[in-house]
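Same order as they appear, the protein sequences are chains R and C.
With the numbering used here applied, the first sequence closes on residue 235, and no number is skipped along the way.
With the numbering used here applied, the second sequence closes on residue 384, and no number is skipped along the way.
No lab work stands behind these hints, which were simulated from the structure alone.
Note that beta-carbon positions come from the ideal geometry of N, C-alpha and C, so glycine has one too.
Take these hints with a grain of salt, some might be off.
One side of the interface only, derived from the structure: several residues of chain C facing chain R at Cβ under 8 Å [unchecked claim]:
| hint | residue |
| --- | --- |
| 1 | 155 |
| 2 | 156 |
| 3 | 163 |
| 4 | 171 |
| 5 | 181 |
| 6 | 184 |
Straight-line alpha carbon distances no greater than 25 Å define the calculated PhoX-like cross-link-like pairs of lysine-lysine that follow [what the hints assert, rightly or not]:
| hint | chain 1 | residue 1 | chain 2 | residue 2 |
| --- | --- | --- | --- | --- |
| 7 | R | 198 | C | 121 |
| 8 | R | 148 | C | 186 |
| 9 | C | 334 | C | 224 |
| 10 | C | 121 | R | 148 |
| 11 | C | 107 | C | 224 |
Quick partial rundown of chain C residues pointing at chain R, CB under 10 Å, derived from the structure [said to hold, decoys possible]:
| hint | residue |
| --- | --- |
| 12 | 54 |
| 13 | 56 |
| 14 | 59 |
| 15 | 93 |
| 16 | 116 |
| 17 | 118 |
| 18 | 120 |
| 19 | 162 |
| 20 | 164 |
| 21 | 166 |
| 22 | 167 |
| 23 | 169 |
| 24 | 219 |
| 25 | 266 |
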Amino acid sequence: MQDIAFYIFAALTLICGFLVVFNPLSRNPVTSAMFLVLTIISMAGLFVLLNAFFLAAVQILVYAGAVLVVFVFVIMLLDLKEEERRKVNIMGVGLGILSVASIFYILVFRVFTKAGLNEKAVVATVEGDTKSLGMILFKNYLLPFEVLSLLLLVGVVGAILLSKKDLK
Amino acid sequence: MNLEFLLFSALKVVGVFALVMPMIAYSVMAERKISAWIQDRVGPNRVGPQGMLQPLADGIKFLLKEDFTPAHVRKAYFWLAPAIAMVPAFLTMAVIPFGSTIGHQKMVIADLNVGILYTFGIVSLGVYGIVLAGYASNSKYPFLGGIRSSAQMISYELAMGLAVIPVFMLVGDLNLSKVIEYQSNHGWLVLYAPFSFVIFLVSSFAETNRLPFDMPESESELVAGYHTEYSSMKFALFFMGEYANMISASAMMVTLFFGGWTLPWFSEPALSNAWMYGALHIGVFIAKMLAFMVLFIWIRWMLPRFRYDQLMDLGWRRFLPFALLNVLAYAVWLWVRA
Numbered sequence: 068m069q070d071i072a073f074y075i076f077a078a079l080t081l082i083c084g085f086l087v088v089f090n091p092l093s094r095n096p097v098t099s100a101m102f103l104v105l106t107i108i109s110m111a112g113l114f115v116l117l118n119a120f121f122l123a124a125v126q127i128l129v130y131a132g133a134v135l136v137v138f139v140f141v142i143m144l145l146d147l148k149e150e151e152r153r154k155v156n157i158m159g160v161g162l163g164i165l166s167v168a169s170i171f172y173i174l175v176f177r178v179f180t181k182a183g184l185n186e187k188a189v190v191a192t193v194e195g196d197t198k199s200l201g202m203i204l205f206k207n208y209l210l211p212f213e214v215l216s217l218l219l220l221v222g223v224v225g226a227i228l229l230s231k232k233d234l235k
Numbered sequence: 047m048n049l050e051f052l053l054f055s056a057l058k059v060v061g062v063f064a065l066v067m068p069m070i071a072y073s074v075m076a077e078r079k080i081s082a083w084i085q086d087r088v089g090p091n092r093v094g095p096q097g098m099l100q101p102l103a104d105g106i107k108f109l110l111k112e113d114f115t116p117a118h119v120r121k122a123y124f125w126l127a128p129a130i131a132m133v134p135a136f137l138t139m140a141v142i143p144f145g146s147t148i149g150h151q152k153m154v155i156a157d158l159n160v161g162i163l164y165t166f167g168i169v170s171l172g173v174y175g176i177v178l179a180g181y182a183s184n185s186k187y188p189f190l191g192g193i194r195s196s197a198q199m200i201s202y203e204l205a206m207g208l209a210v211i212p213v214f215m216l217v218g219d220l221n222l223s224k225v226i227e228y229q230s231n232h233g234w235l236v237l238y239a240p241f242s243f244v245i246f247l248v249s250s251f252a253e254t255n256r257l258p259f260d261m262p263e264s265e266s267e268l269v270a271g272y273h274t275e276y277s278s279m280k281f282a283l284f285f286m287g288e289y290a291n292m293i294s295a296s297a298m299m300v301t302l303f304f305g306g307w308t309l310p311w312f313s314e315p316a317l318s319n320a321w322m323y324g325a326l327h328i329g330v331f332i333a334k335m336l337a338f339m340v341l342f343i344w345i346r347w348m349l350p351r352f353r354y355d356q357l358m359d360l361g362w363r364r365f366l367p368f369a370l371l372n373v374l375a376y377a378v379w380l381w382v383r384a
């Protein structure tokens, strides 16, 4: 049951992800953004299968619900005629496939064969609920976590600075 | 994943759906009746006794009217948008505990341990229906409606999400069943977190696009906003989506702040068997929910619409800092008490 669900979500993630960059039917950026939403939702499905419920919920809440709404918002306000007229860049698609294939190669043939695919290592050791995640974030990784939040703050301040018309 | 679990889950899904659909229909009816009373009119009173069959007539009318698709729309999104507007409203009901137990079955479809985060995640997807409707219609007013709604819903999601944090700091769990358990032991959370409740209530008006925050529709400036180009059943889906959203927002408020299916002050009446307690608890939950629905409707006919800049100002410069302060205050209080 779980295996079937994994294959469904993995396939959905890959197919939708592919359609984001290379959609033969439509060159509309809004369509690409919508497929990105689907990609993210299927990835949330994968997180659920790994018992990481908190990550799954936050994935949908933050990426699908907020970040991509802003994407769509901005894309809609642009002039899309130019973008839609553009042909698919064969060169770009080829390079993209090549790079994904090489990453796939490295993962499968180097990591797994050298380390030996250890079945036991895949078993989840932590229930991915909020409490254990909070414990890890605020005890083991407190400094990186705080540094990251500072980085976000810098980003916010920068955005405000850039959007100000005249600085005083 | 056994057969019994699947069977009872399916039963609960069908049960909730069968309960919510007529509730939507009669909320529309209630909206029309209450607005009529407020404005000293009679309201719909022709179909059936006291006009009680009006929802049926409305439904038939929606189904039989011509489903007109304007030539200039983007077809795929035009068809997709009403469905996307409707679905999230129903998905949020999956985690709401609407009763105690009947037999051995807990009266909640999915007892998730991240219940509230799931709800916020799904609610945040609801904006796509409206945004896509505005985009698909490919004309000025719907587009403006869609843009407004996306900005409005993102803004108020933040305030809403921050507002409930104190509730979960008090309870110590994200599971909604645990929230109700806490309330049955300690009393309603609205008493402990009144500011959270106020912010949540106002934000839920903005999230469901109801007056005084119905900027995406605002008929006096945008014709009908995002659903201007829609007719027949597609329009009905948007309409029902709005009421379904109101129902799930009411259910959330009852669960988070008003004790869910528990009775506060009265000791429970002695009933002959456990089944009747189960039914009583569901009844209590629905009664509390209906009270909030009436509040939603009542406020719509009492207050004028905000201006758009006022709406943004309220969301970002009043509610957001206030909600943050609220979180801080509860954190300090809990820290001092511990």
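We went through each hint and held it up to the structure:
With a least beta-carbon distance of about 16 Å to chain R, the hint placing residue 155 (chain C) at the interface is violated under the 8 Å criterion. At about 11 Å, the closest approach between the beta carbon of residue 156 (chain C) and any beta carbon in chain R exceeds 8 Å, and the interface hint on this residue is violated. The beta carbon of residue 163 (chain C) comes within 4 Å of a beta carbon in chain R, closer than 8 Å, and the hint placing it at the interface holds. The beta carbon of residue 171 (chain C) comes within 6 Å of a beta carbon in chain R, closer than 8 Å, and the hint placing it at the interface holds.
For residue 181 (chain C), the shortest C-beta to C-beta distance to chain R is roughly 6 Å, which falls under 8 Å, so the interface hint holds. Interface hint status for residue 184 (chain C): violated, as the beta-carbon distance to the closest one in chain R is roughly 11 Å, over 8 Å. Proposed proximity of residue 198 (chain R) and residue 121 (chain C) is contradicted: the alpha carbons are some 45 Å apart, above 25 Å. For the proposed pair residue 148 (chain R) and residue 186 (chain C), the alpha carbon gap of about 17 Å is at most 25 Å, so the pair holds.
At most 25 Å may separate the alpha-carbon atoms for a hinted pair to count; residue 334 (chain C) and residue 224 (chain C) meet this at roughly 19 Å. For the hint linking residue 121 (chain C) to residue 148 (chain R), the alpha-carbon distance of about 17 Å falls within 25 Å, and the restraint holds. A hinted pair counts as satisfied when its Cα atoms are at most 25 Å apart, and residue 107 (chain C) with residue 224 (chain C) does not qualify at roughly 44 Å. Hint status for residue 54 (chain C): violated, given a least beta-carbon distance of 17 Å to chain R, over 10 Å.
About 16 Å separates the beta-carbon of residue 56 (chain C) from the nearest beta-carbon of chain R, more than 10 Å, and the hint is not met. With its C-beta approaching chain R no nearer than about 18 Å, residue 59 (chain C) sits outside the 10 Å limit, and its interface hint is violated. For residue 93 (chain C), the shortest C-beta to C-beta distance to chain R is roughly 40 Å, which exceeds 10 Å, and the interface hint is violated. Using the Cβ-Cβ criterion of 10 Å, the hint placing residue 116 (chain C) at the interface with chain R is not satisfied: the shortest such distance is roughly 18 Å.
The closest approach between the C-beta of residue 118 (chain C) and any C-beta of chain R is roughly 15 Å, which is over the 10 Å cut-off, so the hint fails. Checking residue 120 (chain C) against chain R: minimum C-beta separation of about 8 Å stays under 10 Å; hint holds. Below 10 Å, beta-carbon pairs count as interface contacts, and residue 162 (chain C) has one with chain R at about 9 Å; its hint therefore holds. The beta carbon of residue 164 (chain C) is positioned within 10 Å of a beta carbon in chain R (closest approach about 5 Å), and the interface hint is therefore held.
The beta carbon of residue 166 (chain C) is positioned within 10 Å of a beta carbon in chain R (closest approach about 5 Å), and the interface hint is therefore held. Proximity of residue 167 (chain C) to chain R holds as hinted, the smallest CB-CB distance being about 4 Å (cut-off 10 Å). For residue 169 (chain C), the suggested interface contact is upheld, since its CB lies about 8 Å from the closest CB of chain R, less than 10 Å. With its C-beta approaching chain R no nearer than about 9 Å, residue 219 (chain C) sits inside the 10 Å limit, and its interface hint holds.
Among the interface hints, the one on residue 266 (chain C) is violated; its C-beta lies about 24 Å from the nearest C-beta in chain R, farther than the 10 Å criterion.
Hint violations for this structure: numbers 1, 2, 6, 7, 11, 12, 13, 14, 15, 16, 17, 25, all remaining hints satisfied.
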